[in-house]
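Position chain B relative to chain A; hints supplied.
If you read the sequences in order, they're chains A and B. If you read the first sequence in the numbering used here, its first letter stands for residue 24, the second for the next number, and so on. If you read the second sequence in the numbering used here, its first letter stands for residue 24, the second for the next number, and so on.
Accuracy of the hints is not assured; some may be wrong.
The list treats identical chains as interchangeable, and a pair is accepted whether it falls inside one copy or across any two copies.
For lysine to any residue, the following SDA-like pairs were computed, each having C-alpha atoms within a straight-line distance of at most 20 Å [claimed, not checked]:
no.	residue 1	residue 2
1	Lys331	Pro262
2	Lys163	Ala287
3	Lys343	Glu146
4	Lys471	Pro500
5	Lys163	Gly286
6	Lys309	Ser137
If you are wondering where the hints come from, they were derived from the structure by calculation, not from laboratory data. Note that the structure is predicted; figures quoted are calculated from it, not measured.
Residues per chain are reported as follows:
Number of protein chains: 2
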Amino acid sequence: MSVRVPTPHSSADSDSPESDRDRLARELAILVDDFNGTITFDDDVIAAHSHDEAPQPTSGRALALVRARSIADVQAVVRFAYEHGIPVVPQGARTGLTGGANAKENCILLSVKSMDRILEISELNQTVTVEPGIVNQDLKGALRPHGLLYPPDPGSVGMSTIGGNIATNAGGMCCVKYGVTRDFVRELKVVLPDGTLTRVGHKTAKGVAGLELAQLFVGSEGTLGVIVEATLRLIPLPPTPLTAVATFASERDAAETVAAYMGAGYRPSMFEMLDGLTISMLNELKDFGLDENVGAMLIMQSDSTTAKEDTEEFTTIADKHNAIDIAFSDNPADNDALVAARRMVHPANELYQRNHGGGQLIEDICIPRSSMADFFDGLAAIRKNTGVVIAAIAHAGDGNTHPALFFDAYDQESCARAQDAFEQIIHLGLSLGGTITGEHGVGDLKSKWLPHELDEGAQNLHLAIKQAVDPDSIMNPGGMYHYLRR
Amino acid sequence: MSVRVPTPHSSADSDSPESDRDRLARELAILVDDFNGTITFDDDVIAAHSHDEAPQPTSGRALALVRARSIADVQAVVRFAYEHGIPVVPQGARTGLTGGANAKENCILLSVKSMDRILEISELNQTVTVEPGIVNQDLKGALRPHGLLYPPDPGSVGMSTIGGNIATNAGGMCCVKYGVTRDFVRELKVVLPDGTLTRVGHKTAKGVAGLELAQLFVGSEGTLGVIVEATLRLIPLPPTPLTAVATFASERDAAETVAAYMGAGYRPSMFEMLDGLTISMLNELKDFGLDENVGAMLIMQSDSTTAKEDTEEFTTIADKHNAIDIAFSDNPADNDALVAARRMVHPANELYQRNHGGGQLIEDICIPRSSMADFFDGLAAIRKNTGVVIAAIAHAGDGNTHPALFFDAYDQESCARAQDAFEQIIHLGLSLGGTITGEHGVGDLKSKWLPHELDEGAQNLHLAIKQAVDPDSIMNPGGMYHYLRR
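Okay, chain A solo, but in the shape it has when bound (with noise of 0.2 Å):
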């Protein structure tokens, strides 16, 4: 074990009797003997963990940072923690975008990222067992040369971890034909708020024995449990996929394409749609040689046995939507060339944000297919009355849409107009059957707005199973359940 010695938060603390802070801090310390991870009480190491990607995080004072090497260090530290009162906050990479990660006050932050080992790999069932540190990419790495796949890939795919991306119910580009985490958890391993080790969820492909309860902790954002190890089903490794491009005037005519060629019954593997803003923010960032006097843009990949046709089969529907200019290549080795700018929208984006008063907010609105035109023409009007200049993509396919609201940080009025818009855009997204978040999550960003959504019985659900499970609200408390009726 190796504990750093903890230090006074200021001189002026120094001469002041012991605060209950500093008491517990001591404690852990002294009580977790036979720990194998590492607790630091260093103030600028705290801060630094103290939130994760989203954007004006609000976080409160952690005791202290526990990084956490086994099963029996999580349950020495969350038993402490119960026996004490003290919040949990489970932390994997931190690279979520709600701030469900944030430190509480006077909580432990306490890191699996360095439990991050696969322990199983089977061929014969397609199934991985690993603990939850890995990272997403790296998982993948290591199931490639097994030729099996983890779908799941969201846009921090590389840095991510497992453990994060179930407790957030990640999504990604592939969702669209292979489905968000929730549909690759067969089985997890969770210890409960009160240091219980539990296993729920099935490692086998069927299994109905009680309640599917490891489908209750994917996506509860840390607040029912930490999780420690998950079994996960995998699927063959799919083709290199062939891909296809096209430019249109409107969002509209491309929304349509979307809806159209997704209700013509073809499975794209990747369906992604850009608008023009975001076009020539790309351009900005790097000579991609794109068209940026469009109004959106869609990218097209399909990696079924019938790809050539499935590409052909979209220009067509494309053209029929008035399509401007279209690509295809029958060579997978282009498919790079025709991606790379959709990857780069993040950092194409964090470049006009910086030089363009440094305040970004990122939405995560996902409607039914049949509505993303008018979502699209919703946000038009919502961009006019606010002035707030909004970039959009989407994951179209499944109609889950990212507008980027720009702002100046540094002035108020520009503030509180991007506060408006944000807002305006979720009430949008509920009027057209839509949910307040696709694959981001709730956490601090959206907890507001999650009443907005769920009738008051579906709310009461949330306090009862919260109580049921958490009863002293130790597990990661507020996030999702903050602004619910009780």
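Coordinates of chain B only, in the frame set by chain A:
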């Protein structure tokens, strides 16, 4: 509203002061005056509705059978039951195999079978919204002209309702490629134990706004609420499949063929296994021309665009595993003949049952595919040490086995040996990393063994969640919770 007048339960009762049962029955009839369903107190009708298809059903005496016609009807009845502390047993077609829909003493049987409308089919979104009472096969028929399929196909597909399929997370033969009921449930409307109507889940392709409560109700066996509406994901109607059949001297060879073929990355749309005894029972029912001097038969179907190559590769792998005889057709029209036998297993088993003592217990063990050969070895040992006649089929691609145990229902010693074999099979499955129930559910039949599968933490979670959602335990009490620790 149509109400039959309560009849006294026996002539002896008619002179007694009004019993609790009669008083409640009378109040129920009066109170629900805006009710559009029917209420019956007729003992014979109630008796006929007091059990599902489970063998050796045990059930209490119900107060009344209510047939609801609307969500408001369900709410009225549940609210009434809640106020009077009366158990409610939700029912669909009562085709379940575990007693999950059996009457509890002094309960209200609440049938939603008459709520069977299709509310919306969306071709663009590939979703359908239905009432719970629609029969699975009827839904499939209504979707076909739209080019859409709702895949889950339990053996009861022609009789069972979507509501019951959801309540038990029903499986079937398609699951090996398309998944189980759970994988197709997007959004549910549920009447909670206090009569509140709530909406859980998401109509959209993605959604992470709060806990995924729709998944909690899937497979909850009517113990958390009454499912009154469901929005389901659909897939484009797949092409007619091609079929291949192979026979083997031993179940081990067949099981290893399954594991090898699935492990090689193929995705059959059906992959069934029948043992030699099952084949001889089939021949007794009808001349299928099957060779019964074999250990096992595999039936594989592929509906992919590469079906021809898939079936050819199957024959190659079967050949490597010592297949005796292999047949396949590249003409979809031949399918019916090739799979007809598989579809007749249930009647064939029933014929054998009638002619051999009248007793049958059906198992539902799911194990990892890699353990299936060992499972069949274990089954042979159990046959030997108990002397019980056991015929087995399996949804082999999923590792979901259905051994059928035959016994003389009028011979105590024969019953005891069958019960012993039943238990041994359960423990065999658990010892191989399997589950006590792959798709039939827990109900009354398997509740005794649930504590053998769930650890203490998971058992406590079950009880805590049941208590949180249904604090007075009025919603289908007992069942899966009956033997859990408290």
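Here is how each hint holds up against the structure:
1. Taking identical chains as interchangeable, the C-alpha atoms of Lys331 and Pro262 lie at most 20 Å apart whether they share a chain (12 Å) or sit on different chains (18 Å).
2. In this assembly of identical chains, Lys163 and Ala287 lie within 20 Å of each other by CA distance solely across copies; the values are 18 Å between and 31 Å within a copy.
3. Taking the closest pair of Cα atoms, Lys343 and Glu146 come within 20 Å of each other only across two copies (19 Å); inside a single copy the shortest separation is 44 Å, beyond that limit.
4. Taking the closest pair of Cα atoms, Lys471 and Pro500 come within 20 Å of each other only inside a single copy of the chain (15 Å); across copies the shortest separation is 36 Å, beyond that limit.
5. With identical chains, the CA atoms of Lys163 and Gly286 are at most 20 Å apart between copies only, with a shortest distance of 18 Å across copies and 31 Å within one.
6. In the homo-oligomer, the alpha carbons of Lys309 and Ser137 never lie at most 20 Å apart, since the shortest distance is 36 Å inside one protomer and 62 Å across protomers.
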